[in-house]
Amino acid sequence: MADGMEAHSMAAHSIAAHRSLRIAWFSDTTDAEGISSYCSKLLLPILAKEHQIELFSESFATTLLGLPNHHYLKAYRCHREQPFDIFFYQLEDGVAARFVRTYLGIMPGITWVHDLFLSDLGAEATHNSPWEHSIEQFYNNSLPFAARSISRHKLWPRAYREAALSPIDLFSSRWALNEFSSMISSRIEAEPGAHRAEYLAIPISCAGIAAPPQQTPLSFATVCGPDLEGRAHKFLPALKGLGSPWQLTWLIDPAEQSAAEILVREFSVVDQVTLVLGRSPEKWSEILSSSHVAIHLSSTPFGHLGPYLQLALGSGRLAIVSDTFHGEETPNTSAFKITPGIHEYAQILGVFEAIQKTQLHTLTLPAQKMVASENDPARIALCLSKIFQESAPQMALIMQRWQELYQSAHVALLAEVRELASSSERNEIDVYKELLSQSFLELGWSS
Amino acid sequence: MAKILVLGVKVPFTHGGQEVLVASLIKKLRERGHEVDQIELPFNPLPKESLLTQAAMWRALDLSEFCGQPIDLVIATKFPSYFARHPRKSVWLVHQLRSIYDLYGGQYSDIGDDPRDETLRRLINDGDNKVLAECKFISAISKNVAERLAAFNGLSSTVLYPPLPLGDRYRTQAPEPYVLSVGRICRIKRLDLMINALALTPKLSLKVVGVVDDPQAMEYFNNIIKQHGLESRIELLGRVDDDELVSLYSKALGVFYAPYNEDYGYVTLEALASSKPVVTAKDSGGTLEFIRDGENGFIVDPTPAAVAAAFNTLVADSELSQRLGSAGRRMIESSGMLSAGWDSVIEGLLSPLSAHEVTQAAPQAVGA
Chain L
26 MADGMEAHSM AAHSIAAHRS LRIAWFSDTT DAEGISSYCS KLLLPILAKE
76 HQIELFSESF ATTLLGLPNH HYLKAYRCHR EQPFDIFFYQ LEDGVAARFV
126 RTYLGIMPGI TWVHDLFLSD LGAEATHNSP WEHSIEQFYN NSLPFAARSI
176 SRHKLWPRAY REAALSPIDL FSSRWALNEF SSMISSRIEA EPGAHRAEYL
226 AIPISCAGIA APPQQTPLSF ATVCGPDLEG RAHKFLPALK GLGSPWQLTW
276 LIDPAEQSAA EILVREFSVV DQVTLVLGRS PEKWSEILSS SHVAIHLSST
326 PFGHLGPYLQ LALGSGRLAI VSDTFHGEET PNTSAFKITP GIHEYAQILG
376 VFEAIQKTQL HTLTLPAQKM VASENDPARI ALCLSKIFQE SAPQMALIMQ
426 RWQELYQSAH VALLAEVREL ASSSERNEID VYKELLSQSF LELGWSS
Chain A
6 MAKILVLGVK VPFTHGGQEV LVASLIKKLR ERGHEVDQIE LPFNPLPKES
56 LLTQAAMWRA LDLSEFCGQP IDLVIATKFP SYFARHPRKS VWLVHQLRSI
106 YDLYGGQYSD IGDDPRDETL RRLINDGDNK VLAECKFISA ISKNVAERLA
156 AFNGLSSTVL YPPLPLGDRY RTQAPEPYVL SVGRICRIKR LDLMINALAL
206 TPKLSLKVVG VVDDPQAMEY FNNIIKQHGL ESRIELLGRV DDDELVSLYS
256 KALGVFYAPY NEDYGYVTLE ALASSKPVVT AKDSGGTLEF IRDGENGFIV
306 DPTPAAVAAA FNTLVADSEL SQRLGSAGRR MIESSGMLSA GWDSVIEGLL
356 SPLSAHEVTQ AAPQAVGA
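For the record, the sequence lines run as chains L and A. According to the numbering used here, the first sequence is numbered sequentially starting from 26. According to the numbering used here, the second sequence is numbered sequentially starting from 6.
Any given hint could turn out to be false.
As the list claims (entries may be wrong) - Restraint-style ranges between C-beta atoms, simulated for each label pair: (1) L:Asn203 <-> A:His20: 51 to 59 Å; (2) L:Gly91 <-> A:Ser359: 40 to 48 Å; (3) L:Glu429 <-> A:Ala156: 28 to 36 Å; (4) L:Ser207 <-> A:Asn134: 42 to 50 Å; (5) L:Asp455 <-> A:Ala138: 25 to 33 Å.
As the list claims (entries may be wrong) - Chain L is nowhere near these chain A residues, computed Cβ spacing over 12 Å in every case: (6) Asp118; (7) Ala332; (8) Ser359.
Unchecked claim - Chain L side only, calculated, beta carbon under 10 Å to chain A, not exhaustive: (9) Tyr101; (10) Ala121; (11) Arg123; (12) Ala148; (13) Ala421; (14) Ile423; (15) Tyr431; (16) Ala437; (17) Ala446; (18) Ile454.
Quick caveat, the hints were computed from the structure, so don't treat them as lab data. Beta carbons are placed, not taken as given, at the ideal position from N, Cα and C, and that holds for glycine.
Chain L with its partners taken away, still in its complex shape (with noise of 0.2 Å):
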């Protein structure tokens, strides 16, 4: 729906038409490589203009961003004394955002999935619980509250469970979005029309990258890993292979050194190859700003090309990338795309070959605007405005039927504990009524 607005409808369409709402937004907004808090910095300068935004985070920080923050596990406690209307998450691959993954189980929301497949199980408790259950029963509250101790099928590496938990769920990549929709949305149609799923752009700024250097050497430069994914094994012989002088600038983690080094050395490329610690969009942009061409051609499932690809391609460099993964919505006339396998060395030497010697600059433009017009932060805050006016009062539905099926899961909870405490077949009395409901009604657990 977002991706296929007319220019001229989003024009019409103005934040301010609405009313303002109070949003919850849950997100990472510390890991510097993140692309949740590279998102978060972007959007909420603009939507909190407009609606009441507080943050929910690991911190306990009490403003983050310029909003209010509390720590996520506090949310139950904001929502009761002042309700939300809408609960965002964003969810990501990485320990730093794992919290989003924990609480979208707690209370509904938009999901905006940027990494669909996820490199671990999560915590067991929170992986191996009955949210399939929890689903159904929400959409029929005369099922009984599921069994407890028993061991549940798990479904890896897809977010296929924080995916479900979400009645709308956002995806930042349409490769994502495809595979989910082929994948796993039919299987958690609880009612014919209730889980919704969109593409969504993330926002780019390139404000602050310098135009293309015009010397030369021509240079390089990728946030590639050097794991067999990152293809580096492939791209660091064909640039060798290049006849007339070059460089590249490598950005990657610390943890990733040694490895990069290894492929360094061992393409004897040493002299070429400046490696760049601490991966990030900032440096990213701080490094195109002296490079020709941005090499992307990490094919894997994990990860997301976002926002590095789109910085590269919105500043106007040359770009190659993976036609495999989320490199296949890449449009062809964007950038320059490889099929991995046994030509991929020649493919991608074809290439560097041919932008030294044409200076090939045919694609920039297109790509430009591509990103100018999809990814520019306004555009993305404004989409992002209306579905939360459109979800919103579907979302008050929700949560109106999510807290019934909490108000269940009290009665439940207290019948445990009922039975826990009477279970004793040495007990002659009820010991929860004679000895432990006046406690419990005065710690407000029991009304």
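Given chain L's structure and the hints, the job is docking chain A onto it.
Chain A in isolation, oriented as in the chain L frame:
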């Protein structure tokens, strides 16, 4: 002199820092002439829904007087003992129900997204806020525990470090080539880090003091021991008496203590008091309040390779090992964590009495 009840929580067949803390506190209160007794209820973490019942049990106790003798003060220690009701309640917080706070969402918590689990979490969280706020004096055994209390419950507290249980009995002797690990044997203490590290430290053996708290974890540790063929280099000593413990500390090359987000960790202090360097991890919580990397021990990544590298450094450089150990002992001596530290602990815990007229007169000498 006051009539005081110290409230303890006992997991049957285990023995940990809280038991030591309660026993030490009672002893020190009695030494100061107070009439003190201990109230202890068993604690069972399973099934988790019984946690409400166990908290309510504490709440249901009437601790205001016994046999017509009013109780002047109760001192609660850890969850759920602070649910007890008393007009003058101090808490010396060892820890709360960590699975709903700092351990939530991770591998050490069994609280998931089942709506009943979330309801349980909310009820206990709300209950904690209510009953802890009743306390006339709130203290915590470490900065780490105090910070959790402030962050999750919005309650400020005084940090009162528990002085060392064996006072000035700790000593040092020439090191022998073994690493000492002390503590309950369960997953969160991460003994597996040291066992795996032992495979990378061929010149060392490992002595483990502590009872098995989690049989599944022990089975896992035994598998690792077998996998690396370490049977001859690891001694599982179980629980030892105080004299043997002091002796084991005194002759160790160094002490491994790297639990995940430890509340406080007597072991750290005992090792330092024995002039032994401590190897701990960057995410070990309370231990980091005492260990200075490269000064009195090593703070490493929680990986076997990093732990092994630290101990191999101690093996290779005995002078460094001795220097780190001596620095640790100096820290303990200057911090007042030997028996002298009890004055401030007791002064704080008994502070609610200062506004209250103690009803029980001091016992009079016979024949007076």
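Here is what the structure says about each hint:
1. For the pair Asn203 of chain L and His20 of chain A, the supplied restraint of 51 to 59 Å holds, since their beta-carbon distance comes to about 57 Å.
2. A hinted range of 40 to 48 Å for the beta carbons of Gly91 of chain L and Ser359 of chain A is consistent with their spacing of about 45 Å.
3. Range check, Glu429 of chain L to Ala156 of chain A: Cβ separation about 31 Å, and the 28 to 36 Å hint holds.
4. Ser207 of chain L and Asn134 of chain A have their C-beta atoms about 47 Å apart, which keeps the hinted 42 to 50 Å range intact.
5. Range check, Asp455 of chain L to Ala138 of chain A: about 31 Å between beta-carbon atoms, so the 25 to 33 Å window is met.
6. Not every CB of chain L lies more than 12 Å from the CB of Asp118 of chain A, the least distance being 3 Å, so the non-interface label is violated.
7. Against chain L, the non-interface label of Ala332 of chain A holds: every CB pair exceeds 12 Å, the least being about 30 Å.
8. In this structure Ser359 of chain A is separated from chain L by more than 12 Å, as the shortest Cβ-Cβ distance comes to about 28 Å.
9. Interface hint status for Tyr101 of chain L: upheld, as the beta-carbon distance to the closest one in chain A is roughly 6 Å, under 10 Å.
10. Against a cut-off of 10 Å between C-beta atoms, the interface hint on Ala121 of chain L is violated, since the closest Cβ of chain A lies about 12 Å away.
11. For Arg123 of chain L, the suggested interface contact is upheld, since its CB lies about 7 Å from the closest CB of chain A, less than 10 Å.
12. A least Cβ separation of about 5 Å between Ala148 of chain L and chain A falls short of the 10 Å threshold, and the interface hint therefore holds.
13. The closest approach between the C-beta of Ala421 of chain L and any C-beta of chain A is roughly 19 Å, which is over the 10 Å cut-off, so the hint fails.
14. Hint on Ile423 of chain L is violated. Least Cβ distance to chain A is approximately 14 Å, over the 10 Å limit.
15. About 6 Å separates the beta-carbon of Tyr431 of chain L from the nearest beta-carbon of chain A, less than 10 Å, and the hint is met.
16. With a cut of 10 Å, the hint placing Ala437 of chain L at the interface with chain A holds, because the nearest CB-to-CB distance is about 6 Å.
17. Because the beta carbon of Ala446 of chain L sits about 5 Å from the nearest beta carbon in chain A, less than 10 Å, this interface hint is met.
18. Of the supplied interface hints, the one on Ile454 of chain L is violated, with its beta-carbon coming no nearer than about 13 Å to a beta-carbon of chain A, more than 10 Å.
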